[in-house]
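Chemist: Sequences listed follow chains W and G, in order. Under numbering that gives the first Met the number 0, the first residue of the first sequence carries the number 0, and numbering increases by one thereafter. Under numbering that gives the first Met the number 0, the first residue of the second sequence carries the number 0, and numbering increases by one thereafter.
Treat the hints loosely; a few may be bogus.
Below are the DSSO-like pairs computed for lysine-lysine, each with C-alpha atoms no more than 27 Å apart in a straight line [unchecked claim]:
| no. | chain 1 | residue 1 | chain 2 | residue 2 |
| --- | --- | --- | --- | --- |
| 1 | G | Lys-97 | W | Lys-164 |
| 2 | W | Lys-38 | W | Lys-164 |
| 3 | W | Lys-159 | W | Lys-38 |
| 4 | G | Lys-192 | G | Lys-62 |
| 5 | G | Lys-15 | G | Lys-124 |
| 6 | W | Lys-164 | G | Lys-124 |
| 7 | W | Lys-159 | G | Lys-15 |
| 8 | G | Lys-7 | G | Lys-97 |
| 9 | G | Lys-89 | G | Lys-15 |
Because the hints were derived from the structure by calculation, they are not lab data.
Listed here are the chains, written in short residue letters.
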Amino acid sequence: MNSAVYPIAVFFAAVFTNNILLTNYLGMCSFLSVSREIKTSVGLGIAVTFVMATTTILNWLAYNFILLPFQLEYLRFIVFIIIIAAFVQLIEMIIERVSEGLYAALGIFLPLITVNCAILGVSLFMVIRDYNLITSFFYGLGSGLGWFLAIMAMAGIRQKLTRAKVPPGLEGAGITLIIAGMMALAFMGFSGMINIT
Amino acid sequence: MARGMIRKTFLTPLGKENPVFIQVLGICSTLAVTNKLENTVVMTLGVMFTTALSSFVISLIRKLIPPRIRMMVETLIIATFVIIVDIVLKAFLPDIWKQLGPYVGLIITNCIIMGRAEAFALNNKPGLSLIDGLSSGLGYAYVLLIIAFFRELLGTGSLWGVRILGSWWTNWSVMIMPPGAFFMLAIFIWVVKEAFIKKEESK
């Protein structure tokens with residue numbers, strides 16, 4: 000594929016056909032627990048998208064300029080997780096200083112993000128698939144937006160669901176998983192549009 | 000007393016406080032690696048190894064960890080064990096290692112391990128923490144194996160790569176695709192909860 004178009008293709012694939020949540024099952028923990036209300040899920044979605052796009056760049060730089068030249072690839076798990084945790088901490092401190100309102104809205108979500116497996120997962124996929132810097136950025140951004148889209152849709156459905164009658168055994172996690180399964184079926188309709196591996 | 004404590008520590012994560020179907024933790028890998036029984040076995044062994052030993056080590060140094068940075072310390076200890084798993088798999092089972100892809104590395108962010116470290120290993124003796132970690136891993140393992148059994152059987156008509164069902168069986172290919180994973184786990188949780196609810200009512 001044309002190298003100028005490729006990052007864009009990866010971007011759309013990450014949002015629709017290879018949605019990080021619905022086809023790679025990453026970020027399920029916070030997806031199940033935070034998707035009760037649209038408002039909170041939008042806050043978390045924005046935070047995840049931002050952190051994902053930026054940490055992919057940082058991790059790409061660390062992997063290609065530090066780990067590869069020194070043949071320390073096996074340390075990538077530790078390095079990636081430290082970079083993510085440190086970056087999230089930094090952002091939290093900056094937001095706290097700069098904007099009171101933004102901190103109130105996003106502050107509680109930031110610690111949750113460090114343990115969100117989607118963030119680490121995107122960095123690991125980037126290494127496995129051998130993306131270059133620009134493609135990695137678009138992949139991180141697209142995955143974040145795809146996650147945002149999925150959690151927002153789920154929150155919308157769950158808000159309506161509060162008025163429905165659910166079998167007692169399915170309440171909570173069960174029904175959420177079934178809805179996620181249906182969303183995954185729906186997203187499979189996009190497959191064939193773009194294909195990345 | 001001591002023996003009763005060990006028994007209780009060992010049994011709770013298997014049933015009443017199962018990490019997967021009661022606490023709903025570690026779902027990412029539960030869904031991702033259960034499309035083939037072979038991968039599931041390898042993955043669950045890796046998770047059991049990591050939970051048991053990281054709980055043990057964290058409990059050993061629990062009095063030395065400064066509370067403010069304890070999450071970071073725990074993550075690093077867990078990551079160390081995951082790297083061991085990763086290197087061993089890469090060396091001895093390269094095919095499965097390739098299929099599992101990023102999910103081996105993602106054991107680090109598996110909430111079960113962090114959850115056990117936070118909730119148990121920080122307040123208990125090393126021996127007991129080792130048992131707790133091991134049985135949490137077991138509780139995770141057997142649920143995954145059940146799910147993987149049905150997904151591989153219904154999705155490909157075979158088990159462990161060997162064809163079990165005859166040619167009359169039409170593969171439900173949706174079972175080995177993402178939606179099947181969600182449905183299967185939901186059904187599993189439903190069945191288990193329904194059984195528990197019945198039991199509590201009859202008491």
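Chemist: Taking the hints in turn, state whether each one holds.
Modeler: Status of the hints after comparison with the structure:
1. The straight-line distance between the Cα atoms of Lys-97(G) and Lys-164(W) is roughly 43 Å, outside the 27 Å bound, and the hint therefore fails.
2. Among the hinted pairs, Lys-38(W) with Lys-164(W) is consistent with the structure: their alpha-carbon atoms are about 23 Å apart, no more than 27 Å.
3. For a cut-off of 27 Å, the pair hint linking Lys-159(W) to Lys-38(W) stands: about 14 Å separates their Cα positions.
4. With a CA separation close to 38 Å, the supplied pair Lys-192(G) and Lys-62(G) exceeds the 27 Å bound.
5. Simply put, Lys-15(G) and Lys-124(G) have alpha-carbon atoms about 22 Å apart, close enough for the 27 Å limit, and the pair holds.
6. Between Lys-164(W) and Lys-124(G) the alpha-carbon distance is near 45 Å, which puts this suggested pair outside the 27 Å criterion.
7. Restraint check: the Cα-Cα separation between Lys-159(W) and Lys-15(G) comes to about 31 Å, which exceeds 27 Å; the hinted pair is violated.
8. Restraint check for Lys-7(G) and Lys-97(G): the C-alpha separation of about 38 Å exceeds 27 Å, so the hint is violated.
9. Distance check on the hinted pair: Lys-89(G) and Lys-15(G) sit about 35 Å apart at the alpha-carbon level, beyond 27 Å; violated.
Checked against the numbered hints above, the structure breaks hints 1, 4, 6, 7, 8 and 9 and satisfies the rest.
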